[in-house]
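J.: Protein chains in written order, with our numbering: chain D, 28 to 193; chain P, 441 to 833; chain F, 7 to 109.
Hints listed in this document are in silico derivations from the structure and should not be mistaken for laboratory results. Honestly, I wouldn't trust all of these hints.
[Said to hold, decoys possible] Part of the chain F face toward chain D, derived, beta carbon under 10 Å:
hint, residue
1, Leu20
2, Ser22
3, Gly24
4, Val28
5, Ala34
6, Leu38
7, Asn46
8, Pro62
9, Ala76
10, Tyr93
11, Ser106
12, Lys108
[As the list claims (entries may be wrong)] Pairwise CB distance ranges, derived in the manner of DEER restraints:
hint, chain 1, residue 1, chain 2, residue 2, range
13, F, Val84, D, Val125, 28 to 34 Å
14, D, Ala149, P, Trp648, 33 to 39 Å
15, F, Val84, P, Val447, 54 to 60 Å
16, P, Phe792, D, Ser151, 23 to 29 Å
17, P, Trp648, D, Gln147, 38 to 44 Å
Cβ coordinates follow ideal geometry from the N, Cα and C atoms, glycine included.
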Amino acid sequence: MTLFFLIAAALTIVGTAAAMSLRNPIHCILSLTLGLVGLAVLYLQLGAQFVGFTQVLVYVGAVAILAVFAIMMTRSAGSPQQPAFSRSWLSGSAVAVVVFAVLAWAISSALPSTKIVPPQPAVSVNQIGDALMHKFALPLEIIGLLLTAALIGAVIVAMPERRETP
Amino acid sequence: MIVPDTVDQIFVLSKHWLLGYVPTALQPIVSAILSVAPVLVVFPLLFAITTVLERKGLGRIQNRYGPNRVGPYGFSQPIADGIKSLTKEDIVPRSADQVVHLLAPLLLVMAAFLAYAVLPIGRNMVLTNLNAGVLFFFAVGSMVELAVFMAGWSSRSKYSLLGAMRAVAQMISYEVPLVLASIVVIMASGSLSTVAIVNLQASYTSIWPHWFIFTPWGFTGFVLFMIAATAESNRSPFDLPEGESEIIAGYYIEYSGFKFALFFLGEYLGMFATSGLAITLFLGGWAAPFSFLTWIPSYIWFFAKLLALICVFIWIRGTLPRLRMDQLMGLAWKFMLPMTLLNIFTAGVWHFMPSGFTRWLVCTSLLIVPCLLLSRGLKQRKKLQIRTYRFAE
Amino acid sequence: MSPLNAYLLLSALLFSIGLAGVLTRRNAILVLIGIELMLNAANLNFIAFWRYGPNPAALTGIMFAIFSIAIAAAEAAVGLGIILAVYRHTKTTDLDQLNSMKG
Chain D
28 MTLFFLIAAA LTIVGTAAAM SLRNPIHCIL SLTLGLVGLA VLYLQLGAQF VGFTQVLVYV
88 GAVAILAVFA IMMTRSAGSP QQPAFSRSWL SGSAVAVVVF AVLAWAISSA LPSTKIVPPQ
148 PAVSVNQIGD ALMHKFALPL EIIGLLLTAA LIGAVIVAMP ERRETP
Chain P
441 MIVPDTVDQI FVLSKHWLLG YVPTALQPIV SAILSVAPVL VVFPLLFAIT TVLERKGLGR
501 IQNRYGPNRV GPYGFSQPIA DGIKSLTKED IVPRSADQVV HLLAPLLLVM AAFLAYAVLP
561 IGRNMVLTNL NAGVLFFFAV GSMVELAVFM AGWSSRSKYS LLGAMRAVAQ MISYEVPLVL
621 ASIVVIMASG SLSTVAIVNL QASYTSIWPH WFIFTPWGFT GFVLFMIAAT AESNRSPFDL
681 PEGESEIIAG YYIEYSGFKF ALFFLGEYLG MFATSGLAIT LFLGGWAAPF SFLTWIPSYI
741 WFFAKLLALI CVFIWIRGTL PRLRMDQLMG LAWKFMLPMT LLNIFTAGVW HFMPSGFTRW
801 LVCTSLLIVP CLLLSRGLKQ RKKLQIRTYR FAE
Chain F
7 MSPLNAYLLL SALLFSIGLA GVLTRRNAIL VLIGIELMLN AANLNFIAFW RYGPNPAALT
67 GIMFAIFSIA IAAAEAAVGL GIILAVYRHT KTTDLDQLNS MKG
């Protein structure tokens, strides 16, 4: 494992762990942004440039801002009066630890620990566009339909109800 | 004529000459530093020149002199401004969130500087030739919105929060027409790499260049891109979030001294970067306008076009009144979004029709007729009456 | 440990951090963020297998990750809309207090 991988992985883990444990929700979203940028750096190291930039554009530029707007609108942005963790935090963390232990055991025992690394595949955006238009054309259209439905649905769900004047 | 002229390539050649003196192990790092340092020096210098140019230009539009005390005709004003902002006391409100308050201008300036990595400033003079260069530019630009929100929220002040929410809403609304307006160029050139886009525009038929702005879809795309770029950098006529007469400077009220100067630096650098992208996508990058002018070096042409676009920004700021928030959002979603989608359709029609006069006629009418219909249909029907005064008769 | 093992361990760690957040936080929005984190961990898995797998030319891992990012964004938007509607109705986002189906 190279130094760059360790730095990016440390950044991601610190950001996401802070996101799940800080008290102030806005601080949580900001450290989540740090973690997602760390993930984008990992994607760039793996050679998936398009996915890395899309991750920054969509998650940092849209989802994080949506989350902070929602926090502002639900007035949970000040110093929280109630405790940050729920009453069942012990069993929740125990479940998460068990899940991680099982996954780690499965990973380390299932794969051969070889050092032979395949060469870096060179993928250009042209190939991604070709694949999207030919092989993955149907999923592309379905995603378009799904995004339209989500857009209209989110607007309708979040719209304030019209008061009927008597 | 891709002859590597000595004057044209002087920066590239001098960088290679300097690298020859460095041991081979250190060469990648020194090469990176030698490429990045000029960007870090030139664009803040351009920012300094632009501040005084803008103040003098606005002054002349408003029939007064601009600053004219500090140097020859006032052109050393940025030095005085710099000394002032560096020596002012740095006041942070006691209830403000200290860490976020400090990080917001840093994130803004960092995101603005990162965007210059994919702009080709001259022939062979780009920092990184990324395969997905335009996507990288938009990804970095979306980090600016988060920095604006951080600035407004961390100040714990009603005006700054209100300004920040308005600014973020405006920026995410105008990001959609910005990206869609540049998709036309990506369709026409078949690549997301800025170097490939400029290389496609750098050829000539007799003396006329192949810039994308000289096609109907390119011209519409350029106009829509410039309107969206003005809104993205919160400049007049879209500067309601930072309007001085409405909400007292918006999301950076509680900042003073050097951090305030960093906000201005970040905003202007963002404006330069977006103008640089407009030049790369529509105006042919570093290519000369006529084929007999190619002896002038390529970086001179880039900066000349950049200065021209900056003057257009200053001109628009001095001329048009500020838009209200609902007018702003209505413009983005009801006018610019349909126009950009029609523009993409027109570019497709242009590609598949045989070249000639019919193509021009069809594409131009496909763009002008919906533009007129949309703008007539969206006008709010208010009857204009003769103005009567209540007390002054 | 091969590079693929390292990436898979990292993604398992991210998944369990997201799971811990979903199971222990009170604020509904932070639970949604935990779900987003789990989706991101799965994306990292896909890209790691694309890179170190037998057939990177088929681009399957990249395509899956792109569609997953799009779906996650849509789901975040709808989820936050629902949280806003619930807040408007019950004036709270505390999940421990939203424990009755009545009203």
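J.: Hint by hint, say whether it matches the structure.
T.: Hint by hint, here is what the structure shows:
1. Satisfaction of the interface hint for leucine 20 of chain F is found here, the shortest Cβ-Cβ separation to chain D being roughly 6 Å, below the 10 Å cut-off.
2. The restraint placing serine 22 of chain F at the interface with chain D holds, with a minimum CB-CB distance near 4 Å, inside the 10 Å limit.
3. At its closest, the beta carbon of glycine 24 of chain F sits 7 Å from a beta carbon of chain D; the interface hint therefore holds under the 10 Å criterion.
4. Hint on valine 28 of chain F holds. Least Cβ distance to chain D is approximately 8 Å, under the 10 Å limit.
5. Because the smallest distance between the Cβ of alanine 34 of chain F and any Cβ of chain D comes to about 8 Å, under 10 Å, the interface hint for this residue holds.
6. Contact between leucine 38 of chain F and chain D, as hinted, is supported at the beta carbon level, the nearest pair being about 8 Å apart and thus within 10 Å.
7. The beta carbon of asparagine 46 of chain F comes within 6 Å of a beta carbon in chain D, closer than 10 Å, and the hint placing it at the interface holds.
8. The interface hint given for proline 62 of chain F holds, since its Cβ lies 4 Å from the closest Cβ of chain D, which is under the 10 Å cut-off.
9. The closest approach between the C-beta of alanine 76 of chain F and any C-beta of chain D is roughly 5 Å, which is under the 10 Å cut-off, so the hint is satisfied.
10. Restraint check, tyrosine 93 of chain F versus chain D: the minimum CB separation of about 5 Å is within 10 Å; hint holds.
11. For serine 106 of chain F, the shortest C-beta to C-beta distance to chain D is roughly 16 Å, which exceeds 10 Å, and the interface hint is violated.
12. The beta carbon of lysine 108 of chain F is not positioned within 10 Å of any beta carbon in chain D (closest approach about 19 Å), and the interface hint is therefore violated.
13. Checked against the given bound of 28 to 34 Å, the beta carbons of valine 84 of chain F and valine 125 of chain D, roughly 30 Å apart, stay inside it.
14. For alanine 149 of chain D and tryptophan 648 of chain P, the Cβ-Cβ distance of about 37 Å falls inside the hinted range of 33 to 39 Å, so the restraint holds.
15. Range check, valine 84 of chain F to valine 447 of chain P: about 58 Å between beta-carbon atoms, so the 54 to 60 Å window is met.
16. Range check, phenylalanine 792 of chain P to serine 151 of chain D: about 24 Å between beta-carbon atoms, so the 23 to 29 Å window is met.
17. For tryptophan 648 of chain P and glutamine 147 of chain D, the hinted distance range of 38 to 44 Å is satisfied, since their beta carbons lie about 43 Å from each other.
Checked against the numbered hints above, the structure violates hints 11 and 12; every other hint is satisfied.
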